[in-house]
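Novice: Each chain, letter by letter, is given below.
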Amino acid sequence: MRRLVEDAATIFLREWLRYRRDRAYWVGQLAFPLVVVAFIGFGLNGVVRLPTGVDYLAHLASGVLALVVGSGGVGGGMTLIQDRESGFLRALLVAPVSRASIVLGKIASRVVASLALMLVLVAILATFTAIGLPHPAAMLLSVISVTTAFVALGVALASALRSLESFRLLAGLVTVPIYFLSGIFYPVSTLPAPTRWLAYANPLTYGVDLFRFGLVGVHELPLGWSAAVLVLLTLATTAGSVLIFDRRSLR
Amino acid sequence: MHSAATIAAASVPDDAIVARDLVKRFGEVAALNGLSLRVARGSCFGLLGPNGAGKTTTVSVLTTLVLADAGSATVLGRDVVAERALVRRELGLVFQETTLDPELTAREQLDIHARLYHLTGRRERVAEALALAGLEAHADRPVRGFSGGMKRRLELVRGLLHRPRILFLDEPTLGLDVAARAGIWEELSRLRRTSDVTLFLTTHSMEEADALCDCVAIVDRGRVVAEGRPELLKAALGGDVVVLTLERAAPRDEVLATLGALPGVARVTYDGVDSSEGVFRIVVANGPQRLPELLYAARPFGVREVLLHRPTLEHVFLHHTGHPFELGRQELEGRG
Chain A
16 MRRLVEDAAT IFLREWLRYR RDRAYWVGQL AFPLVVVAFI GFGLNGVVRL
66 PTGVDYLAHL ASGVLALVVG SGGVGGGMTL IQDRESGFLR ALLVAPVSRA
116 SIVLGKIASR VVASLALMLV LVAILATFTA IGLPHPAAML LSVISVTTAF
166 VALGVALASA LRSLESFRLL AGLVTVPIYF LSGIFYPVST LPAPTRWLAY
216 ANPLTYGVDL FRFGLVGVHE LPLGWSAAVL VLLTLATTAG SVLIFDRRSL
266 R
Chain B
4 MHSAATIAAA SVPDDAIVAR DLVKRFGEVA ALNGLSLRVA RGSCFGLLGP
54 NGAGKTTTVS VLTTLVLADA GSATVLGRDV VAERALVRRE LGLVFQETTL
104 DPELTAREQL DIHARLYHLT GRRERVAEAL ALAGLEAHAD RPVRGFSGGM
154 KRRLELVRGL LHRPRILFLD EPTLGLDVAA RAGIWEELSR LRRTSDVTLF
204 LTTHSMEEAD ALCDCVAIVD RGRVVAEGRP ELLKAALGGD VVVLTLERAA
254 PRDEVLATLG ALPGVARVTY DGVDSSEGVF RIVVANGPQR LPELLYAARP
304 FGVREVLLHR PTLEHVFLHH TGHPFELGRQ ELEGRG
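Chains A and B are the protein sequences, given in the same order.
Using our numbering, read the first sequence as starting at 16 and increasing by one per residue.
Using our numbering, read the second sequence as starting at 4 and increasing by one per residue.
Just so you know, the hints here were simulated from the structure itself, not pulled from any lab data.
In this text the structure is predicted, and so the values were computed from the model without any measurement.
Possibly wrong hints are sitting among the right ones.
FRET-style restraints, in silico, Cβ to Cβ [to be verified]:
1. B:88 x A:47: 39 to 45 Å
2. A:21 x B:193: 14 to 20 Å
3. B:74 x A:192: 44 to 50 Å
To give an idea of the chain B side of the interface with chain A (calculated C-beta under 7 Å), a few residues [stated by the list, open to error]:
4. 66
5. 100
6. 106
7. 110
8. 111
9. 239
Ideal Cβ positions, reconstructed from N, Cα and C, are used throughout, including at glycine.
Modelling step: build the complete structure from the supplied sequences, incorporating the hints.
Specialist: Structure, rendered in structure tokens:
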């Protein structure tokens, strides 16, 4: 157990050394939500009235931040493909570290990167929208679980695919419906029946709702229910990604 | 802890690596086709063969990266499947393609490696390794910008950082220029003089295997076709080869009888007439010393040309596979 944590910490450090230099990652992740809020949010803010009582700008801003967390997670899974292409993965696989610690280290590094981004973005967005950090614990749980789930998705894709190009293409194809049906852009309770059920079946819906509660203080779904779904999701996707990675790394 | 280590060391047999009847298929292609080999502790073992012969797959199986479909293998007495966690701790690996993280600096690279192997005294070891690789001046630059030779040197010192008892080198000098190659050879020779590490290297360079290894296994199409000390493998061919081109008029049977009767000559074969000349191939022990005598005996038949070949591992390969080394490679490339 101690070895697992130590090894995961080493992987975490290595990922962190990489991110630190990856200016495109930081600039992209910081600029994207601000651009969406500025170019879509301001426009729709005067037109859209939400039944949840939150103004649209705050709804969209918190939703887009959740999207940033999700895409950070997918990017974490994508590093597996990058590591395979650079060859580093082989050096990692032949080292005496468990597959679980590699996956956990990657998840942890993305959680921390996303939390750092959230703090900066919330500070910026708080100056002109109604978001803040009224319930940090809810935000934390949501970031951990959304990141883990999307890293797992990335690991699953990375295990099945060989090239970065196909990964990007397929990741987009898979994640876009998940994002759109999760309450990022509108409250899911306003959807007509069949689509609404799909949204309730989408685990990200609970992540976004709890995340929004953390940032805006308003929620659509029962909080306990969301928290339970997210804890389960975190455990299941962690186990799932470790299993997939373990099986696929030995040919 | 100490006594446990002593017991473990005592119970380990003399072989560093034993592989038995390894089979591995990738789809239609059988990369390994019943490959068996044995590597003595502290030796330098060379797996020699053309591209596609199964060298890299062998290394991948022995280093726990790939599961064989059939057969078994042990490294330092540990099974590479059941005890792979233990095997991984004991081995170092330098791959033919780079396995460095391009975004990390040389120092970070080594530091992460030291952490992955839970080494103590990381800072000193990393500094030592950087000095050994001659990369102190580039220690804090990302590896992305390194030359091929610099990367390979860094890989080599990284592979040695945790002082493995077996170092696997998969085509360690592939794609390097002559100077960089000489540097790696020198480093490996130094390593053999100063430590008891077992080296297992794959190469398609006959010269490399000859220069570095005390034991060579020749692989072709996924199995070992010959194994032994390079000198012995070469000696088993019966000696040097003299190719003698005589005037067309030379009476074939008389030439065969005359030359065949000379001391040291193992066999004489007639290679046919090349437009106007008769070519004879003579296998003879100690060719350079026997050559004057041979020429003297052949003089009445009109000597046009003479060539002396000392046996190389290339000849050994040809002898055991029935096809020349280069041909084997092209054929496989065409197939793959």
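Novice: Okay, which hints does this one fail, numbers in order?
Specialist: Those not satisfied are hints 2, 7, 9.
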